[in-house]
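Chemist: One-letter residues, chain by chain:
Protein chains: 2
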Amino acid sequence: MIQFTKEDVKKLPKINRLNLINSATGYKSANLIGTKSKDGKSNVAIFSSVTHLGSDPALLGFILRPATVPRNSYSNMKETGYFTVNHVTEGLIAKAHQTSAAYDFGVSEFDITGLEEQYHDEIYEPFVAKSPVQLLCKYLSEYEIKENNCIHILASIERIFCEESLLNEDNWLQLDKGKVVTINGLDGYCLPKLIDRFEYARPNTETKSMLKNGS
Amino acid sequence: MIQFTKEDVKKLPKINRLNLINSATGYKSANLIGTKSKDGKSNVAIFSSVTHLGSDPALLGFILRPATVPRNSYSNMKETGYFTVNHVTEGLIAKAHQTSAAYDFGVSEFDITGLEEQYHDEIYEPFVAKSPVQLLCKYLSEYEIKENNCIHILASIERIFCEESLLNEDNWLQLDKGKVVTINGLDGYCLPKLIDRFEYARPNTETKSMLKNGS
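Sequence lines, in order, name chains A and B. With my numbering applied, the first sequence covers 8 to 222. With my numbering applied, the second sequence covers 8 to 222.
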């Protein structure tokens, strides 16, 4: 195996270091976060750090880089208290990636990238059309990560919208049926295929496939 | 689209709620965390919450459920200050999933599941053999998530071991070359294939593929 010490990593050119460290922790979730300011300007941005935190209550978290520059997503969700999380599909990757460009504050990436806003019921915040899993989330709190001044945002899941074709009998959402992607590093977009699903693991019991049993 | 309100989610049977909420945030990383107690007992457990937190310094985080019961991984990393993170491959999924069973405190999942310990240089902590990306991490701190009493563990990446075949010229690790998997929900294991890689996004510049340009 090839080895990188901490000193090797420090000596790498910046882009190489970003590539290595961003890909070294494994695959990441690919989500578009939609927000709208109080005066009606919508915003959408890609995030690869949305992580499940708990099911009862239903909570998720994600990481914001140091708040040294104004960030639309963050200021909007603080203003209104809400934001949306929308899974990125194979068909959306180029547009989704383009949202990571440093647009001027106040520019809507919906206008620029060709991603389309979608609205559900009375909800003020924009969802992303053609995304097969869409969540309405409520901003709850934030934890400053002192080690690098990032912010860990905590939110509750208030509403779930999903394409019927993804929903299994046991309420598991089979993401590959919606061509949901995962991110490798900063810029690699990958399409997963389900290979197996296992029953709840118990000591002294063999690992059982749910799929191969036909259940 | 099908819709679940917060009340709908609350009314679901527990397993269904876990399935829905765990799959609603997108794909998760699949990592085996290896530790060893001061008195030499090794331990390995699967985690799906390891997330990149920063590249300079190289930091990652992961979530531990409420520390109401003794947890080997946690107590070992607090004892020695270190742990390993090992990517799960297609060939390791059944053994990796079995580590999630509730074994008695002090039982080594290496002994039970057939996962093999691997050691590098003078490092005390066990890595997982056949894992193509392996990290040595140093425990830094923890943040209690007050909303559900989970713990967000922060750690620095001290050493990276990887198979040469995954490493691109620009230090990006192409995970599909190592058959690294991603997790869908609690128990679905999926194998991603790279579909595209994009250049750094800039305003007023079209999204450019790195692969289709041949670079």
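Take the hints with a grain of salt, since some may be wrong.
Where chains are identical, the list cannot tell them apart; a pair therefore holds if satisfied intra-copy or between any two copies.
Derived lysine to aspartate or glutamate pairs resembling DMTMM-like cross-links, with alpha carbons at most 25 Å apart [to be verified]:
1) Lys215 <-> Asp118
2) Lys186 <-> Asp46
3) Lys13 <-> Asp203
4) Lys219 <-> Glu124
5) Lys153 <-> Glu206
6) Lys200 <-> Glu176
Rather than coming from a laboratory, the hints here were simulated on the basis of the structure.
Chemist: Take the hints in turn and mark each one as holding or not.
Modeler: These are the hints, each one checked on the structure:
no. : hint              : verdict
1   : Lys215 <-> Asp118 : between (48 Å within a copy, 19 Å between copies)
2   : Lys186 <-> Asp46  : neither (34 Å within a copy, 47 Å between copies)
3   : Lys13 <-> Asp203  : neither (36 Å within a copy, 29 Å between copies)
4   : Lys219 <-> Glu124 : neither (40 Å within a copy, 29 Å between copies)
5   : Lys153 <-> Glu206 : neither (39 Å within a copy, 31 Å between copies)
6   : Lys200 <-> Glu176 : within (19 Å within a copy, 27 Å between copies)
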